[in-house]
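Undergrad: Sequence:
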Amino acid sequence: MIGEMLDAGIIRESTSEYASPIILVKKDGNYRMCVDYRMLNSITVKERYPMPIIEDEIARLAGQEYFITLDLASGYYQVPISEQCKHLTAFVTPDGFYEFNRMPFGLANAPVIFQRMINKVLGSARFTKAAAYMDDVLIFGRTSTECLDRLEDILKLLEEAHLTLNLSKCDFLQNSINYLGYEISASGLRPGTNKIESVVNFPCPTNVHGIRQFLGLASYFRKFIKNFAQIASPLMKLLRKNVEWEWGPEQQDAFSILKSKLIQRPILAIYDHEAETELHTDASKDGTGGMLLQRSKNDDAFKVVAYCSRRTSPEEKYYHSYELETLAVIRSLEKFRVFLLGKEFKIVTDCSALRSTFMKRDLVPRIARWWLLLQEFNCLIEYRPGSKMSHVDALSRNPVIDNIDSDSMRQHNQVMSISNDDWLHTLQLGDPELERIKQIVEKDLDSKKLDYIKNNYVVRNNKLYRCINGDKNDIRWVVPKGARWQICRMNHDDIGHLGLQKILKRIKTNYWFSKMSRFIKKYVTACLDCAYAKKTSTSNEGLLHPITKVKSPFHTLHIDHLGPFVRSKRGHSYLLVVVDAFTKFVFIKPVRNTNAQNVIRILDDIFYTFRVPDRLISDRGSCFTSNSFKRYCHDKGVKHILNAVSSPKSNGQVERYNRTILNSLKAQTLNNDERDWDSQVGKIQWGLNNTVQKTIGRKPVEVMFGTFMNGEIHAGLNEILEELREDIDVDTIHNQVKQNIDKEQVKQKERYDRNKRPAKVYNEGDLVKITKITYNNDGKSKKLLPAYIGPFRVIKALGQDRYKVAPIPGFSGNTIKRTTTVAAERMLPWVHVAALQLHDKSDSSENSDIDESNDVE
1 MIGEMLDAGI IRESTSEYAS PIILVKKDGN YRMCVDYRML NSITVKERYP
51 MPIIEDEIAR LAGQEYFITL DLASGYYQVP ISEQCKHLTA FVTPDGFYEF
101 NRMPFGLANA PVIFQRMINK VLGSARFTKA AAYMDDVLIF GRTSTECLDR
151 LEDILKLLEE AHLTLNLSKC DFLQNSINYL GYEISASGLR PGTNKIESVV
201 NFPCPTNVHG IRQFLGLASY FRKFIKNFAQ IASPLMKLLR KNVEWEWGPE
251 QQDAFSILKS KLIQRPILAI YDHEAETELH TDASKDGTGG MLLQRSKNDD
301 AFKVVAYCSR RTSPEEKYYH SYELETLAVI RSLEKFRVFL LGKEFKIVTD
351 CSALRSTFMK RDLVPRIARW WLLLQEFNCL IEYRPGSKMS HVDALSRNPV
401 IDNIDSDSMR QHNQVMSISN DDWLHTLQLG DPELERIKQI VEKDLDSKKL
451 DYIKNNYVVR NNKLYRCING DKNDIRWVVP KGARWQICRM NHDDIGHLGL
501 QKILKRIKTN YWFSKMSRFI KKYVTACLDC AYAKKTSTSN EGLLHPITKV
551 KSPFHTLHID HLGPFVRSKR GHSYLLVVVD AFTKFVFIKP VRNTNAQNVI
601 RILDDIFYTF RVPDRLISDR GSCFTSNSFK RYCHDKGVKH ILNAVSSPKS
651 NGQVERYNRT ILNSLKAQTL NNDERDWDSQ VGKIQWGLNN TVQKTIGRKP
701 VEVMFGTFMN GEIHAGLNEI LEELREDIDV DTIHNQVKQN IDKEQVKQKE
751 RYDRNKRPAK VYNEGDLVKI TKITYNNDGK SKKLLPAYIG PFRVIKALGQ
801 DRYKVAPIPG FSGNTIKRTT TVAAERMLPW VHVAALQLHD KSDSSENSDI
851 DESNDVE
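Here the sequence shown stands for residues 1 to 857, numbered as in full-length UniProt numbering.
No false leads were mixed into what you were given.
With a cut-off of at most 25 Å between alpha-carbon atoms, the simulated DSS-like pairs for lysine-lysine come out as follows:
#1 Lys454 with Lys472
#2 Lys521 with Lys502
#3 Lys303 with Lys388
#4 Lys522 with Lys535
#5 Lys522 with Lys502
#6 Lys472 with Lys515
#7 Lys346 with Lys46
#8 Lys760 with Lys749
#9 Lys760 with Lys796
#10 Lys636 with Lys589
#11 Lys636 with Lys551
#12 Lys683 with Lys694
#13 Lys508 with Lys463
#14 Lys551 with Lys639
#15 Lys285 with Lys317
#16 Lys551 with Lys738
#17 Lys694 with Lys551
#18 Lys454 with Lys515
#19 Lys630 with Lys796
#20 Lys443 with Lys454
#21 Lys699 with Lys743
So the derived label-pair ranges between C-beta atoms look like this:
#22 Asn461 with Glu244: 51 to 57 Å
#23 Ser352 with Leu429: 50 to 56 Å
#24 Glu83 with Thr625: 50 to 56 Å
#25 Pro80 with Asp153: 23 to 29 Å
#26 Ser42 with Asp149: 46 to 52 Å
No lab work stands behind these hints: they were computed from the structure.
The beta carbon of each residue, even a glycine, is placed where N, CA and C say it ideally should be.
All chains, please: the whole structure from these sequences, using the hints.
TA: Here it is as structure tokens:
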């Protein structure tokens, strides 16, 4: 379509700063491209060109006997757009960016501009020879000769304006026509019956519910019906409790009188272009209804101009209520289009969701297709509760079958319904291998080579089936090679991506093809949606790899942040925890934030007090991965080791201390101001360093300094305790601590590995996916987000089940844009059908019968 419009000069390539989306609409069996100009229309200044007055147009037709109607081909495209406005019409397609040279459908001002154009083209002829209301051009005459002469004059005017006609939609020398809501013929003018047929054909109520619906319609206009209560009294009696249903002459007369009142003045008003206009709509599974109402300046109430209702088709009955309400609006706009084009009006509905559709970015395709028709109208949508819309509700629940409805029903009956079986049957007929097997079974050829096929296949109703275990009564559809992917998609993707065993059982219940289990396994395992969404547990994968402890204080330090906490009076929100790996001596420092500069400041204080460590272990917090911290470690000569992504066990020393610190801090602040929590940190640090640590069997301060620290709480006991203490040999303590640590690490590894299995080994170049570990803090639920991201390529094996991986450009699933280190327990192989090693014992029973049939001449 884009190519055709480019060739015709309707559009051109664009570099505009404006952009609107597109949608395909199917009309008259052909697709038509429409642009969604809702946003552009919302900021467009509306044209005020006067539309023709319907009464004046109709008055000129009085006494005419012959009529010709002309239809302009691609009407709007025949109107050029000024150069300074073309960029406003820009639209986006998957293949490019374009803008219109000709006026497209969907612009808010398009109807008014088109009317101005056709008035200018016809000039004075539109008063004497033809009537033009939008794209309806009507030529009239008292004789056929006069009518044809006027046709020639009008055609010359259209030719001079370079306008073209759609011949298939033009009617010539008709004796009667429907035009602008009137029936026009040689005998005279009369209001079109289609304006009131919804009430004229309103069905006679058969139960109390039907009476309530009809009275809901009539009561809306009761102020215009004199003695309404007396007329409706026989119907009201049937609504009382404990009254038996009886529809007699009295009720029939009341029903007929009220119907006649609804289609006569003063209830039914003549259309006034200047009056305030509202369109009331409603829908049910039975039908759609609409009322066009107007209120003039001299009236205080709305009067009906026209009614409409239409029965829903068998497919429309199953639409969602939102779709039905939208359908009611669109049907009513199509019915009353000539009354509503070019004027501001209000649509009133009892569906509150319709109001938001004007600004929705993504619409259901069916709704989007309908809603584009609304773009040529200048209207607002108002919501009213259903209790105030009973007048339109009556029309939607008691629809009539109009000509359009009956035509659509006839068309529906002519459409062939294609089932899954019919689809599969056509594919079987087109598969040469299956056709060859079917011929063997049907011809019953006498050959021992063919016995296997004749015993395991059967043809019924010209369809080929596979006999399960040779049982002629237990049969399955034989699926041709070209349909295997579709069968798997229908039974896996289209029903919620269920698990492998469920899909196997579901498909095997109805279908058969060679090596079916293997094929289905490959399909399910290779499903990208499942690969991203379904989380496979790897909690029992990966053994423990303890960090070797060197018998020296400050050789290895573990570091981490704990928090955030409520901001204290001193402005602190986090704790920086530093633990010596050998002595278990801990430093706990309150900090304002997790910036690298705060970490460097505290580490400088520790290093200048004691010494610079050989090794520093941390997680991948932004402060530890920053360039400034990397430069600091390099200048100090510290080997900085970063944990694998989301692998806290690699920094377990400080993680365990964090839990203890948090519990202690919580207990310390229970009876104090929570904003003074940082004043309690010193006590917790002193307590941890001067309490026997389980793993080393000593107090950390003893191992660090070779001495005891006095307690500040009970100072009087210090002298007594000092007399009881023995001299401490630091080397002896260090040896004992090293032995204790080694023993404890062996025990920890045995406990950890007890229910674990070795992690999967990956090689350089392997593709993997990794567990999604970070989410945007946007306040939305994370439950429906993908469980994995990827794919990534393994670029280096670091040992101890850690790998360095890099993202592959071009994949939308990659939210990590740089190389990173990941533990094997957080990785899984990427989907790769060619690399799958799938073997199933059941495959051996699935003989490749179709392939064997190739040997049969």
